[in-house]
Amino acid sequence: MPAPIRLRELIRTIRTARTQAEEREMIQKECAAIRSSFREEDNTYRCRNVAKLLYMHMLGYPAHFGQLECLKLIASQKFTDKRIGYLGAMLLLDERQDVHLLMTNCIKNDLNHSTQYVQGLALCTLGCMGSSEMCRDLAGEVEKLLKTSNSYLRKKAALCAVHVIRKVPELMEMFLPATKNLLSEKNHGVLHTSVVLLTEMCERSPDMLLHFRKLVPQLVRILKNLIMSGYSPEHDVSGISDPFLQVRILRLLRILGRSDDDSSEAMNDILAQVATNTETSKNVGNAILYETVLTIMDIKSESGLRVLAINILGRFLLNNDKNIRYVALTSLLKTVQTDHNAVQRHRSTIVDCLKDLDVSIKRRAMELSFALVNGNNIRGMMKELLYFLDSCDPEFKADCASGVFLAAEKYAPSKRWHIDTIMRVLTTAGSYVRDDSVPNLIQLITNSVEMHAYTVQRLYKALLDDISQQPLVQVSSWCIGEYGDLLVSGQCEEEEPIQVTEDEVLDVLEGLLVSNLSTPVTRGYSLTAIMKLSTRFSSVNRIKKVVSIYGSICLQMYSYSLQVQSTHPPCFTGSIYTSSLFYRFNLHVLYYLVSLLFQANDLLDLLGGNDVVPVIQTTLPTKPASAGGELLDLLGDLSLSSRTSLSLFLSFSFSHSPVITIHATNTTEADMTEFVFQAAVPKTFQLQLLSPSSNIVPALNQGSVTQVIRVLNPQKQQLRMRVKLTYTHKGSPIQDLAEVNNFPPQSWQ
Amino acid sequence: MIKAILIFNNHGKPRLSKFYEHYSEDTEQQIIRETFHLVSKRDENVCNFLEGGMLIGGSENKLIYRHYATLYFVFCVDSSESELGILGLIQVFVETLDKCFENVCELDLIFHVDKVHNILAEMVMGGMVLETNMNEIITQVDAQNKMEKSEAGIAGAPARAVSAVKNMNLPEMPRNINIGDISIKVPNLPSFK
Numbered sequence: 001m002p003a004p005i006r007l008r009e010l011i012r013t014i015r016t017a018r019t020q021a022e023e024r025e026m027i028q029k030e031c032a033a034i035r036s037s038f039r040e041e042d043n044t045y046r047c048r049n050v051a052k053l054l055y056m057h058m059l060g061y062p063a064h065f066g067q068l069e070c071l072k073l074i075a076s077q078k079f080t081d082k083r084i085g086y087l088g089a090m091l092l093l094d095e096r097q098d099v100h101l102l103m104t105n106c107i108k109n110d111l112n113h114s115t116q117y118v119q120g121l122a123l124c125t126l127g128c129m130g131s132s133e134m135c136r137d138l139a140g141e142v143e144k145l146l147k148t149s150n151s152y153l154r155k156k157a158a159l160c161a162v163h164v165i166r167k168v169p170e171l172m173e174m175f176l177p178a179t180k181n182l183l184s185e186k187n188h189g190v191l192h193t194s195v196v197l198l199t200e201m202c203e204r205s206p207d208m209l210l211h212f213r214k215l216v217p218q219l220v221r222i223l224k225n226l227i228m229s230g231y232s233p234e235h236d237v238s239g240i241s242d243p244f245l246q247v248r249i250l251r252l253l254r255i256l257g258r259s260d261d262d263s264s265e266a267m268n269d270i271l272a273q274v275a276t277n278t279e280t281s282k283n284v285g286n287a288i289l290y291e292t293v294l295t296i297m298d299i300k301s302e303s304g305l306r307v308l309a310i311n312i313l314g315r316f317l318l319n320n321d322k323n324i325r326y327v328a329l330t331s332l333l334k335t336v337q338t339d340h341n342a343v344q345r346h347r348s349t350i351v352d353c354l355k356d357l358d359v360s361i362k363r364r365a366m367e368l369s370f371a372l373v374n375g376n377n378i379r380g381m382m383k384e385l386l387y388f389l390d391s392c393d394p395e396f397k398a399d400c401a402s403g404v405f406l407a408a409e410k411y412a413p414s415k416r417w418h419i420d421t422i423m424r425v426l427t428t429a430g431s432y433v434r435d436d437s438v439p440n441l442i443q444l445i446t447n448s449v450e451m452h453a454y455t456v457q458r459l460y461k462a463l464l465d466d467i468s469q470q471p472l473v474q475v476s477s478w479c480i481g482e483y484g485d486l487l488v489s490g491q492c493e494e495e496e497p498i499q500v501t502e503d504e505v506l507d508v509l510e511g512l513l514v515s516n517l518s519t520p521v522t523r524g525y526s527l528t529a530i531m532k533l534s535t536r537f538s539s540v541n542r543i544k545k546v547v548s549i550y551g552s553i554c555l556q557m558y559s560y561s562l563q564v565q566s567t568h569p570p571c572f573t574g575s576i577y578t579s580s581l582f583y584r585f586n587l588h589v590l591y592y593l594v595s596l597l598f599q600a601n602d603l604l605d606l607l608g609g610n611d612v613v614p615v616i617q618t619t620l621p622t623k624p625a626s627a628g629g630e631l632l633d634l635l636g637d638l639s640l641s642s643r644t645s646l647s648l649f650l651s652f653s654f655s656h657s658p659v660i661t662i663h664a665t666n667t668t669e670a671d672m673t674e675f676v677f678q679a680a681v682p683k684t685f686q687l688q689l690l691s692p693s694s695n696i697v698p699a700l701n702q703g704s705v706t707q708v709i710r711v712l713n714p715q716k717q718q719l720r721m722r723v724k725l726t727y728t729h730k731g732s733p734i735q736d737l738a739e740v741n742n743f744p745p746q747s748w749q
Numbered sequence: 001m002i003k004a005i006l007i008f009n010n011h012g013k014p015r016l017s018k019f020y021e022h023y024s025e026d027t028e029q030q031i032i033r034e035t036f037h038l039v040s041k042r043d044e045n046v047c048n049f050l051e052g053g054m055l056i057g058g059s060e061n062k063l064i065y066r067h068y069a070t071l072y073f074v075f076c077v078d079s080s081e082s083e084l085g086i087l088g089l090i091q092v093f094v095e096t097l098d099k100c101f102e103n104v105c106e107l108d109l110i111f112h113v114d115k116v117h118n119i120l121a122e123m124v125m126g127g128m129v130l131e132t133n134m135n136e137i138i139t140q141v142d143a144q145n146k147m148e149k150s151e152a153g154i155a156g157a158p159a160r161a162v163s164a165v166k167n168m169n170l171p172e173m174p175r176n177i178n179i180g181d182i183s184i185k186v187p188n189l190p191s192f193k
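Chains A and B, in that order, give the protein sequences. Quick note: the first sequence uses UniProt numbering, first residue 1, plus one each step. Quick note: the second sequence uses UniProt numbering, first residue 1, plus one each step.
Just chain A, with the same shape it has in the complex (with noise of 0.2 Å):
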């Protein structure tokens, strides 16, 4: 059999695939030769495959079979062999394999090599990816390692004992004493990384770092030499002295400085003079300073320092570097809880930024800018704030809107202003608004009773210009609905009247429902605003024409409405969730079923009396009565929906007091059986009821079950009765309760 081809033969070979196929098939073929290779038991060129194998894996190949021949290299005497087997094993094992725990012994070996490199090898692996047992076993090796003179072994142990202590943390006591004189190293490697041993240490135990507190003198210390001590090729990037030992220094500074005032004391000098000190115009500088920054306004220090920390800030703001830039406004943005006032100062630069071309940027500038706004600030920081609405990617458009609705709120100079800034929002980016807003929206016009006329005005403009941003329709239509009366009068008196007739305002509320634009919801909230203005116009007959057409829709927001008012929480909440659309449906609704309440007795007029339409599916009284008997309450005669959907509809008739009729139907296409209908009522009532017509509600209408209740209620109180239904409908047992109190008082006087 030939020899296995080198790997850079293989690499050669895959880069001449034309195609992923291609690759694929040479992979293979490689694959299988490698796997007889590895059956033969061939030391000499094992290493080679292996090598090979891990450049498949990193293709995305598997190569698993492999794990037990990396276990085999790393047996090996040869350097050659262990280092691709070291190498495999970090990219092929990991804890959740067993073949990872047969190494533990050839790592432990190779922990105590003659040579620096096997050793060194052996940590490097220990400390990628060493379990918690293997950890465990060779923590006293690493230990050990860690107090030899070797400065090459010492800075690779100091980091595989972070990964021991990481894997098995109560092991972290054992490695204290080894970290008496790590600071006083020379060696600028072992330093590094005996700092990020030390940091980890101090932040996982309280009590570590109570103890290293005392290190800050020393820390201190190296951190001066560091910047006093002039040019030293050794360890000089870009003209500052091993700015990465600096930065990991200040790093460890901040946490032991973070609550202790007298560390924080004897830190003030220091960071004061690095922070004056270091070069600007290279990127490791401006790392050293950021995280300076980042420590004096973590720890104790005096505010001087904090001041000069935000200014440094602020300077980075005019950095060209975007980098730079980005760094700073997150910072900004971490202390301007604490330092409101230091940061207003920078506010300026901060809202350029809203302008700037990179999108991290920008979100950060916007989300400073909102913190920022206050009450003195509020009309500047709107202008741009809405400026920026306007101009920025969909993206931010709706955390955008939110903010400004949330700083309107709260800090809005006039009640005026406040609707004019709504309005902007919703016409600019109506879009994006999120559906929370809209209740809340109607809640806040609602409040500002004097300016009604205005907003509804202005809002019902703004749907003659666009009605295809449908928070802003919704909102609108709403307004209508409530304030049309003060439309239609022309009672505005912050701007200019509009003359406008309640035809025209029906018209454009009847486009809204048969729109291709508008959803369902919308087309509810311009259903429900055309009935209310029943009562506030005249034209009640085109009202009731409209409504006719469009009833059905008006059914299902009654009946989810009622499913609110039963007290049955399980019901309502499982018919909820099943559709977002409803639910929110169902908030609205609500609001408008308490509006509605209050003009109920004119609403009657629209759905009761002999010519009305089928809007409420179920059927109506034919027997003769007297005027008053004959309007059904509205509420009263709707349906009770049941759990599972919207199809059980109850409702009742009175012909004369004290008999109630109740029928019951069910539109959904299984009948209902074992139907029984039960009623309680409060203790001055007395209850009769008499048996039913049967107990199967037939399905998809096709029949009724009713009742008789016969009510006697000698102190004359008005009724109230609580109604439990029980059938089975596919096979499950279904129950229902719910609380009818809006019997007309036809029905009990």
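These are calculated hints, taken from the structure and not from any lab test. Just so you know, even glycine gets a beta-carbon here, dropped at the ideal spot from N, CA and C. Don't take every hint at face value.
[Unchecked claim] Now the stretches of chain B that chain A is said to cover, found in silico as 3 or more residues with beta-carbon under 8 Å:
1) 48 to 55
2) 109 to 117
[Unchecked claim] In the BS3-like style, the derived pairs of lysine-lysine whose C-alpha atoms are separated by at most 27 Å in a straight line are:
3) A:Lys-214 x A:Lys-147
4) A:Lys-224 x A:Lys-147
5) A:Lys-29 x B:Lys-18
6) B:Lys-149 x A:Lys-108
7) B:Lys-149 x A:Lys-72
8) B:Lys-115 x A:Lys-29
[Stated by the list, open to error] Among chain B residues calculated to face chain A with C-beta under 10 Å, some are:
9) Lys-18
10) His-22
11) Asp-98
12) Glu-131
13) Thr-132
Got chain A; can you put chain B on it based on the hints?
Structure of chain B alone, referenced to chain A:
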């Protein structure tokens, strides 16, 4: 902590992938693809920081990247790392590669991916920064390479010999060399007296 270090080219082909947290093979490939997708969309003049994709930890983690010619160097880090510091680290990494390979280009990374891993192992260990001094890193990598070469020199000879023989394409040795009748006329040599 550094969660992953990825190098891929402008078409998303991975040139180096090192994960410091465990993910399954499929997830690793998905992360590479997702990261490429996020990073390649970026304009040239925006900042070098991105929120991480869904797979690698979402908004907790950041992607810090640099684009050099045909290659993207992406470090995925969590919030404990300084963004500017990592940018500096990427710079040191690339400069080190440049020194080791003499004007490094994509082909160097393609054909010597194991060497790149070795260099990286001297810089980052277990997701933490080990060494940032370029000269120190190069010294150590060189020393280890020398060890490998010396092993290959002595111990590698048998392997090379075996390879050489195995790869020799010896033509079929003829079994019977039939030269046929040769009458060789030997000249009469004068007799020595």
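Hints and how they fare:
{"no.": "1", "hint": "48 to 55", "in the structure": "holds (count 3)"}
{"no.": "2", "hint": "109 to 117", "in the structure": "holds (count 5)"}
{"no.": "3", "hint": "A:Lys-214 x A:Lys-147", "in the structure": "holds (21 Å)"}
{"no.": "4", "hint": "A:Lys-224 x A:Lys-147", "in the structure": "holds (26 Å)"}
{"no.": "5", "hint": "A:Lys-29 x B:Lys-18", "in the structure": "holds (26 Å)"}
{"no.": "6", "hint": "B:Lys-149 x A:Lys-108", "in the structure": "holds (26 Å)"}
{"no.": "7", "hint": "B:Lys-149 x A:Lys-72", "in the structure": "holds (21 Å)"}
{"no.": "8", "hint": "B:Lys-115 x A:Lys-29", "in the structure": "holds (25 Å)"}
{"no.": "9", "hint": "Lys-18", "in the structure": "holds (8 Å)"}
{"no.": "10", "hint": "His-22", "in the structure": "holds (4 Å)"}
{"no.": "11", "hint": "Asp-98", "in the structure": "violated (15 Å)"}
{"no.": "12", "hint": "Glu-131", "in the structure": "holds (5 Å)"}
{"no.": "13", "hint": "Thr-132", "in the structure": "holds (4 Å)"}
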